[in-house]
Amino acid sequence: MDDVKDVILNYISGEYLEEGSDPITYDTPLISGGIVDSFSMVSLKRFLENRYKISIPDDEATPEAFDTVTKIVELVKKFVK
Amino acid sequence: MSNIGSYEERLKNFNWSISEKELDYKPGQNINIGWYCSDRICRQGKGDKIALLWEGSGGIEKKFTYHDIRRASNTIGAFLRDLGIKNEDRVCLFMDKVPELYIGLLGILKIGAIAQPLFSAFGDESLFVRLDNAQTTTIITQKKHAPKVRKILDQLPCLKHIIIVDYDGKNPLKEREIPFSLGKSVPVNALEIFPTKAESPSLLHYTSGTTGQPKGVKHVHYALISQYLTTKWVLDVQEDDIYWCTADPGWVTGTSYGIIGPWSAGVTQCVLDAGFSTEAWYRFIEKYRITMWYSAPTAIRSLMKGGEEIVRKYDLSSLRHLASVGEPLNPEAIIWSERVFGKPFLDTYWQTETGSIMISNYPGMKIKPGSMGKPFPGIAAAVLNPKTYEPYKETGKIGLIALKPGWPSMMRAYWNNEEAYKNKFRNGWYLTGDRASIDKEGYYWFVGRDDDVINTGGHLVSPFEVESALLEHPAIAESAVVSTPDPINMEVVKAFVTLKPGFAPSVDLELEIMNFIRRKLSPLAMPQALEYVDSLPKTRSGKIMRRILHAKEWGEEIGDTSTLEND
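Which chain is which? The protein sequence lines are V and S, in order. Note that our numbering gives residue 30 to position 30 of the first sequence, counting from 1, and the numbers run on in steps of one. Note that our numbering gives residue 1527 to position 527 of the second sequence, counting from 1, and the numbers run on in steps of one.
FYI, nobody ran anything at the bench for these hints, they're computed from the structure. Note that the structure is a prediction, hence the values are computed from the model and not measured. The reader is advised that the hints may include incorrect statements.
[Claimed, not checked] Computed Cβ-Cβ distance ranges for the label pairs, DEER-style:
{"id": "1", "chain 1": "S", "residue 1": "E1239", "chain 2": "V", "residue 2": "Y26", "range": "42 to 48 Å"}
{"id": "2", "chain 1": "S", "residue 1": "R1339", "chain 2": "V", "residue 2": "D22", "range": "41 to 47 Å"}
{"id": "3", "chain 1": "V", "residue 1": "S21", "chain 2": "S", "residue 2": "E1175", "range": "16 to 22 Å"}
{"id": "4", "chain 1": "V", "residue 1": "D22", "chain 2": "S", "residue 2": "E1418", "range": "44 to 50 Å"}
{"id": "5", "chain 1": "V", "residue 1": "E64", "chain 2": "S", "residue 2": "S1506", "range": "29 to 35 Å"}
{"id": "6", "chain 1": "V", "residue 1": "K77", "chain 2": "S", "residue 2": "D1124", "range": "32 to 38 Å"}
{"id": "7", "chain 1": "V", "residue 1": "Y26", "chain 2": "S", "residue 2": "R1339", "range": "47 to 53 Å"}
[Unchecked claim] Taking lysine-lysine pairs in the DSS-like style, the calculated list, with each CA pair at most 27 Å apart, reads:
{"id": "8", "chain 1": "S", "residue 1": "K1305", "chain 2": "V", "residue 2": "K45"}
{"id": "9", "chain 1": "S", "residue 1": "K1086", "chain 2": "S", "residue 2": "K1021"}
{"id": "10", "chain 1": "V", "residue 1": "K45", "chain 2": "S", "residue 2": "K1552"}
Note that CB positions come from ideal geometry on N, CA and C, so glycine has one too.
Modelling step: build the complete structure from the supplied sequences, incorporating the hints.
This is the structure:
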């Protein structure tokens, strides 16, 4: 899943970080760190669903589950067949 | 004993002079919110009391006493004055919830300038229209948000100074950028406070309407009289309270009750500058022993979603009083909070334009879950017949919530938009744009908006603004934006679009459009649902009929379609 990790990390860096921001790592807090807010989480979820052809139930799409790239990869793994 | 005591007793012989007396203010004297929130508290001998307990992402903590915020706001005020900023110049605060935002607002007010707080998640277009409208001269921001300012700088000739509060020297500063470090500046112990009077402008908050661009709501220093008393009587802040208002000062709650209310009352307040998570919030309450918590229904519903098990992991016994604002608080949330926290969240109702709480539930008053409560003493409210603009005499009728102007924190104008301001009044009533009914006991019950404005998570989004931005996407030919129900945010933005020739509907295009709006306007304005349609319902004159789309989303009767183009 290393490739998945990098795909997600690159997507978040490109979409949610402002130019000149400090780079994020796999374990940078995204939601609790204020990089991705709860409204933007919807577009991140949509990206994961489109890219990996999965459906993430709303009750699994919690701020905690989306808080780092590592946690997001774990979540994606649960639904990829 | 609560500060308000008996609501019924307070209604008798109420006069705003109660607040003026508590604040030692006499009509005609100078009144400056920046001074009242810092210097005055120090003069009362409370300079060593903690004013702000701040925690940032990663657990970084900062503490400021009232002496600290007095000196720090003097320092910011002096820095601005040295740059040539004069009274009534507009100074925008465009930052996350960092201490410089809270203290900077006092500094701006102390020199008589007008503070214009803007939500830091705004995209460059949202930022541009607000700075352009206000002809803002200065923006105080962080290096992470500076790129958004740089993108629009060429179109903002009035913007002379971009102050970066956390410049680290890593990248060279660009045109008009100036570094400022609160920690490294020489503290200014004494600052000449600009002699603002009751009607001197203080704040400019932007709000969205159904049509046109966002409107700048102008408030004055006298608003303090309302904000102070409602903080005391509704939020019931007391001397030893540890207060937490979760709102961002980019929105009016975050200034009226996240800065002015608590600090004018000399209370210790906490700020958590980190994204939402259930555990983080409970941990924060436990750590700082928060006693008064003012939050929003969206956050409460998110906490409910997190379950009750997690609540038991934390000691939340410090909580004494809870209140909520932003959108109607559903009865389930009130019942839930009573069960898990042992106290109900008391719903409060007000708007950017009203500047302070208008209708509310009060400590000690019987709570009817789901009700907005009753008007604050001194506030004349009514539900008007939408045809005659006269108050309904019978109870139970649904009409327009209206307020008799005259309370201290009422907006004084929409910035450079006299026509929009005049349109907010009928028959001597201020029209809130919301609908409600009143029951036999005088409790108000919220029904919904009277216009197309979308209230998502307690923030108003203009469908017009989103529709206009959508049309800037190369694939979109036409757009219509309405609200759609959402279990957490009450409602969210939904867009209906037709595509230009050569573009085909796809899930990837949908995501691209969502992100386009998020970056351009804000995450709040981003459509959370998007539907491709062949055509949009229009009147014969070509006007898009949003109400038909809205009715379908909400499962309501579509109503009269006689003017529909293809009917």
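Structure-based check of all given hints:
1. Hint check: E1239 (chain S) to Y26 (chain V), Cβ distance near 47 Å, so the stated range 42 to 48 Å holds.
2. Distance hint for R1339 (chain S) and D22 (chain V): a CB-CB separation of about 42 Å, consistent with the stated range 41 to 47 Å.
3. Between S21 (chain V) and E1175 (chain S) the Cβ separation comes to about 20 Å, which falls inside the hinted range of 16 to 22 Å.
4. Restraint check, D22 (chain V) to E1418 (chain S): a C-beta distance of roughly 45 Å satisfies the suggested window 44 to 50 Å.
5. For the pair E64 (chain V) and S1506 (chain S), the beta carbons lie near 31 Å from each other, so the given range of 29 to 35 Å is met.
6. At about 36 Å, the CB distance of K77 (chain V) to D1124 (chain S) agrees with the hint of 32 to 38 Å.
7. The given range of 47 to 53 Å is broken by Y26 (chain V) and R1339 (chain S), whose C-beta atoms sit roughly 39 Å from each other.
8. Simply put, K1305 (chain S) and K45 (chain V) have alpha-carbon atoms about 18 Å apart, close enough for the 27 Å limit, and the pair holds.
9. Of the supplied pair hints, the one linking K1086 (chain S) and K1021 (chain S) is violated, its CA atoms being roughly 30 Å apart against a limit of 27 Å.
10. Straight-line distance between C-alpha atoms of K45 (chain V) and K1552 (chain S) comes to about 26 Å, which keeps the hinted pair within the 27 Å bound.
Violated hints, in rising order: 7, 9; the structure is consistent with all others.
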